[in-house]
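1 is the number of the first residue of the sequence shown in the UniProt record's numbering; add one for each residue after it.
In short, the hints are calculated from the structure, not lab data.
It should be emphasised that the depicted structure is a prediction, and the values quoted were computed from it without experimental measurement.
There may be inaccurate statements among the hints.
What the hints assert, rightly or not - Capping the alpha-carbon separation at 27 Å, the derived lysine-lysine pairs in DSS-like fashion look like this: (1) K54 with K517; (2) K175 with K205; (3) K619 with K539; (4) K653 with K685; (5) K539 with K617; (6) K653 with K51; (7) K680 with K250; (8) K370 with K355; (9) K543 with K617.
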Amino acid sequence: MAYLCFVCELQSATISGHCMHIRLMHPTVNLSKYYCCHCPKTYETLQCLRKHLKSKHPDDQPLLAQPVHEPEPELVEPGVVVNIDEVDFFNEENLENEVVNNVNLPGQPSVEAFQTALYDCTLVLAAKLYSVPSLNRSRIQEILNLTSDFTSSGFLDVLENKVNFMLRDYQGPQKDLHDLKCMFSSMHESLLGLETERKRLNAFKDSNCFVQPEAFYIGVGEVLKFVNGQRTRIPVNLNGQYINVPSVLKKFFELPGVFQATINNIQKLQNSETFTNLIQSPLWEKIERECFPNRLVIPLVFYFDDAEPNNQTGSHSGDNSLGLIYYFVPCLPQHLLSQLEYIFVASVFLTDHQKRRNEETFRILVNDLKMLETTCIEIQINDVIHTVFFAVALIIGDNKGVNGITGFVECFRANHFCRLCKVHRDVTETQTRENIHMLRDPLNYDADVTLDDVPSTGIKRKCIWNELLSYHCTVNRALDLMHDFFEGICHYDLSLILLCLIDRQYFTLETLNDRVKFFDFGIESGNRVTLITMEHLRKDKFKMSASEMFCFARNLGLMIGDLVPEGNEYWSLYIKLVEILDIVTAPFFERDSAVYLTTLIAEHHQIYLNVFNQRLKPKFHLALHIPRIMLDIGPLINVWCMRMEGKHRPVVKIPANSQPNRVNPPLTIAMRYSLSLAAKFLGEKSFPPEVIFHTDESLLRNAVNFNDFREVLPDGYADGISVKNVNICGTLYDTGMVLVFTYQHDLPVFGRIEHFVKPLGEEKCFFILKAYKTVGYSDHMHCFAVRPPNAHYFISYDDLVSFYPTKCRVGCDNNLYITFRHVL
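Model the full structure from these sequences, guided by the hints.
Rendered as structure tokens:
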């Protein structure tokens, strides 16, 4: 059996030869995953790959018997090509005395080659350490020093003496002995050239994998210092840190396979009739047509938010609040958009500095983005140069943050707080439909800027982002589901609904908490909500994260719906709410549903006004614009802030907790991020494979219930492999989960996963599902009623209606129900 190197495609005849080739020829691969050449599995270490190959793809050559006596060293003449198979390397983790075949090195390994390999491996080790956010830079220096001390300790001298003793009668060229001595000497100085962080940074730069953060000037501030025993105000420069966006984009798209996968995905989306991505939107079509005719342009989405590096409940909370600009490429393959490593950091600064000098804070970034629109980036792929332009499609974030950086008022008690329209605040408190005549546009925006009257316009300053060809704050509009619904409207609605239902004695707070406590969350167990108190209900604020609120809102009908009589006026608000959520959280958007969504939102707002006698809050008004925005940019689930806020943890919170220094937080955060990014670029880490099978495999024929489903298997698939679980496009599927795979009588058909089938000779995954009988849909409980499964189906992943798995639950009436996370 041949083993193909996943880096250079060199073939090796044995497993040991394959692994030795990777270790010697590609030391920087240690930063990325190791790919099996016979299946799409990936492994974090070379040792794990070796074990997998031995278990699943053993070589055909018999192992050599272990010699009883110690063999004499073979003499090698200078200039002869050495076959590693013929060299007796020391065993590593019981290599079982396998020999390496067909891995030829150009001549004897020279001292320079050994020193280069040692240097590269040490650089890889340093990069791996820098990619761990919980290690501060001083601790990394200590680890490297200890590692160097370990590799040069006494055992190395013992090994050198042993080798010298074995070669005491060596009759070959003395240069060989001298080279061997030099190699041992190099081991004693394994950090040579990388002793200090400055040298390591220079080494990263020489490897073309490090983007040095740039300090940019924001303005002049003052600090209090003691001078001659007196407190004196000293002027200081206010600086932020910028991580060059063009450099990062160039290095990212030159990673193996990234550019081609992105272009393939763009072409796939353009040929699809389902509206699932920003690249298919009228907004992006307009940008391409008017600004980039006949050019290859890739969209960018930028995100702004504040993050607190200190303990939010501590005495220093707010002292070093940071403003961060993230960005991502929305046309990457869909399953990669939620992965944090594909969200990049553009700039870091102190929030106080940005609030005082908004334009100066973003000037360096805007200038680079203007350059990306007019000057292409040359991306070299396999000696072919591609010219690519980049354009800003959207700027997202919470409402206060986006209002602030685009020049609108940040106070939602202002007369004109909405950045999308000019409706007065008093009108928004009872407004149930969008007023298209009051929408902001470039013409009335310019007039308002010229007027320079904040109370009557809601505009504090001209938006610096409008300098871009592709962006205008009144055209490139976006709203965030996370902040507007799951940290806003859902809290307002559900607190009033539950409070009124408890007051009417349909159930008690204890009953509600018991239903929540014993609810079978299944695959959503990570979003299990905490117990609810009366204080939460009275203050319109549950103690839940956005993910927990999303889960709670979807499943509340199944939790307590049986306790509420049908037609209840309070519960009708919940029914409207979840119907809206079903549409706005779907990964696709049907343009014909915009009118229906507009009607749902209007009815929801009217129920809130009439039944609860409450004024509509600002987030209710923003929801009126959602149908128009979804028509412009597509599904909002692809541009919400959920994953963006998740980026705060590895970028800000973990490094800040490991680093007590608060002298210059933006520099600390930006430098750590750049170093972790260098590890990605140094290892040339590409996209992960779409399908990753579990290593626990068995023959499908050996399944206990094989005879129950053998009739539905196509010819040849009965000899396939059954795996324990499978990860497809970032989603882990396990047996017992429920999938939607077709429709019957306008109702979705659900199937419980019985087996995963991997056909012989193919790297595809098929499901054997046991289908439920869908009885109907309950608006009152927001779930589908089903009957126990009976018939089996053989389904491919591509034939699924939705890739989201769910769970079948038993209701209080002992019937089976299934809730789903979006409209079907």
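Tested hints:
| no. | hint | verdict |
| --- | --- | --- |
| 1 | K54 with K517 | violated, 46 Å |
| 2 | K175 with K205 | violated, 35 Å |
| 3 | K619 with K539 | holds, 16 Å |
| 4 | K653 with K685 | holds, 25 Å |
| 5 | K539 with K617 | holds, 14 Å |
| 6 | K653 with K51 | violated, 36 Å |
| 7 | K680 with K250 | holds, 13 Å |
| 8 | K370 with K355 | holds, 23 Å |
| 9 | K543 with K617 | holds, 20 Å |
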